[in-house]
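S.K.: Let the hints inform the model, and build the full structure from the sequences given.
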Amino acid sequence: MASSPHAMMALMLVLWAISDNIVMPVLGAVVGLGICAYVERHHRAEAWAFIPRRRQHPGRDEPALWSVVAKLFPLCALAWALGAYVSALGAREAATLAGPVAVGALAALALAELAALLWDRLAPRERRVDAAPAAVATAFAFGSVLVLANGIATILDRSRWEQSGFLMGAGVLVTYVTLLLLVRLVPRRIRCVPARLLPT
Numbered sequence: 001m002a003s004s005p006h007a008m009m010a011l012m013l014v015l016w017a018i019s020d021n022i023v024m025p026v027l028g029a030v031v032g033l034g035i036c037a038y039v040e041r042h043h044r045a046e047a048w049a050f051i052p053r054r055r056q057h058p059g060r061d062e063p064a065l066w067s068v069v070a071k072l073f074p075l076c077a078l079a080w081a082l083g084a085y086v087s088a089l090g091a092r093e094a095a096t097l098a099g100p101v102a103v104g105a106l107a108a109l110a111l112a113e114l115a116a117l118l119w120d121r122l123a124p125r126e127r128r129v130d131a132a133p134a135a136v137a138t139a140f141a142f143g144s145v146l147v148l149a150n151g152i153a154t155i156l157d158r159s160r161w162e163q164s165g166f167l168m169g170a171g172v173l174v175t176y177v178t179l180l181l182l183v184r185l186v187p188r189r190i191r192c193v194p195a196r197l198l199p200t
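Using the numbering used here, read the sequence shown as starting at 1 and increasing by one per residue.
Simulated from the structure, these hints should not be mistaken for lab results. In this text, a Cβ means the ideal position worked out from N, Cα and C, and glycines have one as well. Among the hints, erroneous ones may be present.
Pair by pair, the computed Cβ-Cβ distance ranges are [stated by the list, open to error]:
#1 Val23 - Leu65: 21 to 27 Å
#2 Gly171 - Thr96: 33 to 39 Å
#3 Leu122 - Thr175: 20 to 26 Å
#4 Trp161 - Ala115: 22 to 28 Å
M.R.: Take a look at the structure:
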């Protein structure tokens with residue numbers, strides 16, 4: 001979950017809160033967490049090598065307690081990052097200028113969360129985006145949308161509206177979510193980076 005869109009959004013918000021630059025926090029978060037996503041995909045695929053094939057069931061639900069902890073951590077990080085970012089609005093120029101970008105990314109994240117929830121309820125088990133039990137995933141989605149809506153309202157109250165910034169923020173988040181979905185499609189035996197760079 002360290003490379004989830006929620007973690008990426010939290011990292012961008014914190015970097016905007018402490019940085020004097022609007023662009024570098026976005027690039028740093030996307031590139032850094034994109035690499036994390038690839039490494040996570042590699043380890044998830046390799047984990048099945050230790051389980052006999054007849055006992056493998058990749059489409060099953062994750063344990064409920066594990067899912068709750070895994071969902072709660074990025075959501076708490078996002079809520080904390082929103083608080084840190086909102087406190088920097090008006091105090092730091094870069095944070096204030098990044099307001100429309102942040103609103104666009106937060107709105108896109110809320111829509112992506114609802115779309116993933118709908119997809120997971122309709123898709124076959126092995127094609128779901130989220131392996132959490134349905135009750136945990138639904139509670140997380142609605143909690144996430146609540147936090148995101150509160151953040152959007154607060155940021156809009158303290159910064160000016162700019163459509164180009166809004167669209168740029170939404171585009172960044174959609175690009176990152178697309179990158180995560182593409183990383184999941186990388187076959188288990190194909191390596192996109194040299195073997196010496198992968199953990200042993």
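S.K.: Each hint should be assessed against the structure and marked as holding or not.
M.R.: Status of each hint after checking the structure:
Evaluation of the 21 to 27 Å hint for Val23 and Leu65 yields a failure: the beta carbon distance comes to about 40 Å. In this structure the hint that Gly171 and Thr96 lie 33 to 39 Å apart at CB is violated, the actual value being about 21 Å. Taking the beta carbon of each, Leu122 and Thr175 are about 25 Å apart, inside 20 to 26 Å as hinted. For the hinted restraint 22 to 28 Å between Trp161 and Ala115, the CB-CB distance of approximately 24 Å keeps it satisfied.
Consistency with the previously given hints fails for numbers 1 and 2, ordered from lowest to highest.
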